[in-house]
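Visitor: Generate the whole structure from the sequences, applying the supplied hints.
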Amino acid sequence: MSIPKKVKFCFLAWLALSTLLPAPAAPGRRPLLLKVAPPSAEVAAAVAGAGGAVVQELRTCLLVAVSPESLPRLRAAAASLAVIADPAPGELFFLLHTQRPSPLPIPRNGIRCRSLEAGVWLLRTTDPAFRGWLAQPFHLKALQPEESFAARRRIAAPSADRGSAAIKPRSLAAIPDLVAQVSPGRLRADILALQGFKTRYASTPECEKSGDFILERFRQLGLDAAGDPFAFESFYQSQNIRAVIPGKVAPERIVLACAHYDSTSGTPLVFAPGADDNASGTAAVLELARILAGQSFDFSIVLLCVSAEEWGLYGSAHYARQARQQGAEIIGVVNLDMIGYPGAEQRVLDVIGDLRSEWLADRFIAAAQPFVGLKLLKIINPSLTWSDHSSFWDQGYPALCAIEDSDNPFYHRTSDMLETLDLEFAAEAVKASLAAVAWMAQPLSSPAAPTGLRAHSQVSAALFTSRKTAYLEWDANREAVSGYHVYRAEASHGPYTRLTGQPQGRTSFVDPLLLPGQAYYYVVSAVDGEGRESNRSEEVRDDENN
Amino acid sequence: MRTTDMNGSVAPALLAALALFLCASLPVRCAVPEPAAAKRFFIGAAGGYFRPGQASFRRIYDRPAWPIELQLGWALDRKLTILGGARYLRATGRTVLVQAWLPDEAYAVRLDVLALRFGLNYGLGLGRFAPFFGAGIQYVFYREKWLDVSLEAKGGKTGFFALGGGRWRLGRSLHALLQLEYSNVPAGEGSGVSERANLGGLGLSLGIRAGIL
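Sequence order for the protein chains is A and B. Using my numbering, you'd call the opening residue of the first sequence number 11 and step up by one each time. Using my numbering, you'd call the opening residue of the second sequence number 66 and step up by one each time.
Note that these hints are calculated values from the structure, not bench results. Predicted model only: the values in this text are computed from it and were never measured. Treat the hints with care, since some could be wrong.
To spell it out: a stretch of chain B is covered by chain A in this simulated footprint if at least three of its residues, at any positions, have a beta carbon under 8 Å from a beta carbon of chain A; those stretches are [what the hints assert, rightly or not]: (1) 122 to 130; (2) 151 to 162; (3) 170 to 179; (4) 215 to 224.
Just a sample of chain B residues kept apart from chain A, beta carbon distances all over 12 Å, derived [as the list claims (entries may be wrong)]: (5) R105; (6) L141; (7) T146; (8) G192; (9) L235; (10) L278.
Cβ atoms here follow ideal geometry from the backbone N, Cα and C, with glycine treated the same way.
Guide: Here's what the structure looks like:
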């Protein structure tokens with residue numbers, strides 16, 4: 011029996027269409043963007059439990075992505091919940107900060123803004139040229155919906171997730187000499203050089219040249235430096251510039267100082283000198299490199315100049331994402347953004363962190379305050395996401411932003427020039443950053459910090475009472491030492507209490523009668539024959555090696 | 066770490082055994098009446114062996130414990146007696162390790178338990194031998210002390226007890242008694258070896274009691 015031609019044709023046509031055309035998306039599978047409050051750990055856990063993800067943590071709410079099927083489950087957990095977007099393919103999402111009543115002076119098809127909280131908007135657009143329609147000044151942070159939807163971010167409880175270098179007071183002895191080397195003249199020269207590129211708007215050839223200039227400066231200092239190209243918004247490319255001062259004891263642990271070197275203005279493709287924003291921060295990183303190169307530290311110092319910050323933090327997001335993927339152990343990030351315009355009568359440097367980074371802000375201030383004549387103002391607010399520190403927050407790294415506490419009238423204008431800056435103020439900010447970075451990286455002193463610290467613990471239990479005993483061991487120092495000190499803390503990275511009255515000769519220690527439900531953290535230091543104490547070892551938790 | 070608790074499975078078996086014992090005694094009871102001039106108030110003392118019901122209790126206090134007991138009673142009638150008293154137990158042992166790293170770490174510990182009891186006792190007069198059973202509540206004071214270091218825990222909890230046994234008339238107002246008892250005293254949060262401590266268990270004791278009024 012022969013098959014009629016019409017039937018054959020229909021079958022072949024169906025086969026071709028079903029092969030060539032993409033299958034229609036299953037209804038309801040695409041995640042929705044929601045605004046959920048309160049921004050608590052419980053709500054974040056409910057989001058994760060519903061198979062969703064926190065896209066952005068803000069002061070008053072969470073921006074989350076969940077599948078429509080999970081909506082009822084999440085609705086039960088959150089006090090307030092609103093669906094704010096149903097992302098479509100090709101849409102770009104940004105977090106937009108502005109003090110204007112509305113980011114769009116004139117409504118524009120293809121650009122939609124929705125308020126998330128005071129001064130913070132969610133901007134969604136399919137228009138690549140949307141920036142031209144926004145009211146200046148504004149800050150943008152690109153949200154990566156696909157990536158964020160897959161990520162499971164958690165909200166840090168205050169002080170619950172602290173991590174940093176263990177600091178030895180003796181190591182501070184080297185810091186005043188380092189701080190004294192900060193030179194306003196050098197800052198001036200570097201800012202002038204960066205301003206001289208006319209524009210450093212990411213994607214322009216001038217921006218790439220300024221990146222090459224920074225790379226060359228790092229290399230002239232003898233640092234291991236490299237450019238790291240990245241693409242953004244489909245069409246554009248730029249590069250981050252990175253230099254490393256390798257640590258001598260634990261080089262895998264990193265203290266990172268960064269600044270964005272790109273700039274913008276009303277005419278970004280032609281002229282955007284960006285002296286304050288952010289040649290000042292970039293010059294600060296170059297000054298840190300100049301002073302710290304050749305010094306020895308326990309931990310590595312990475313000096314990073316990122317690009318495309320003005321486009322939406324693309325450069326820092328690229329670096330932070332890679333660091334997380336590679337498992338980089340970043341102790342803390344100091345982001346320098348706009349440190350040259352103190353404003354009238356004000357000499358205040360804001361130190362901005364999120365809850366996870368509050369300890370870092372405290373440490374920054376503690377390290378810096380003895381060396382500077384500025385007021386250092388700690389601000390803990392997860393909504394302040396408009397600079398590169400936010401990209402590190404997104405990846406779970408402690409990060410802070412050091413920034414002038416003033417409204418620079420030349421901000422994002424072609425008049426943001428060197429002449430408007432107070433270089434003495436900028437030098438003070440650099441001193442503060444230098445002291446904090448050096449303190450965290452621990453200048454090396456004699457003898458070397460002990461290595462190989464290991465801890466086991468076990469619980470001895472009676473019927474109603476129990477106590478924990480921690481057993482510590484570490485590797486003996488290669489050089490001659492008179493003994494070791496053991497320190498204990500009840501929170502990660504201190505404050506520590508010394509447990510040994512005199513340095514003890516053994517490379518082991520038993521700490522009995524501890525509370526079983528409490529985690530304890532230990533570091534050890536070595537003491538040489540002249541009584542000089544080393545930096546402290548890496549920290550271990552009492553049950554780390556159980 | 067959860068430990069097995071034998072209290073729940075022993076109680077029904079004990080009560081069933083007592084019931085069976087009493088049923089078997091009924092014909093004898095009818096044949097031999099109780100002496101008419103029994104004292105209504107009595108005092109007694111007993112001592113014996115205690116086996117903790119909770120495995121973790123036995124693991125820590127692994128040496129035999131010998132409780133002593135003072136009993137007071139007021140006979141409401143020939144069968145029913147209001148029972149009061151106090152029972153003291155001291156147990157010694159050594160701590161046990163949770164997730165042992167170095168297995169030789171142990172601290173000597175001592176547990177003192179004082180139970181104040183109140184209950185009802187139902188007895189049958191069968192001549193020289195009288196079976197009885199009873200039940201009541203008890204308030205238990207406990208103190209657990211680490212002997213090597215300055216550390217102790219103390220508190221008080223309410224529990225219940227059930228007992229059964231028999232007494233033999235030795236003289237006009239003097240009886241010897243043998244009793245088996247079961248007690249359950251949930252004592253709240255335990256330590257690392259058990260989620261909840263329980264001070265109850267099984268006891269076997271021998272004693273005497275005398276009618277005084």
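Visitor: Run every hint past the structure and note whether it holds.
Guide: Verification of the supplied hints:
1. 122 to 130: holds (count 3)
2. 151 to 162: holds (count 4)
3. 170 to 179: holds (count 5)
4. 215 to 224: holds (count 4)
5. R105: holds, 40 Å
6. L141: Label holds. Min Cβ-Cβ 38 Å, cutoff 12 Å.
7. T146: holds, 33 Å
8. G192: holds, 44 Å
9. L235: holds, 39 Å
10. L278: holds, 40 Å
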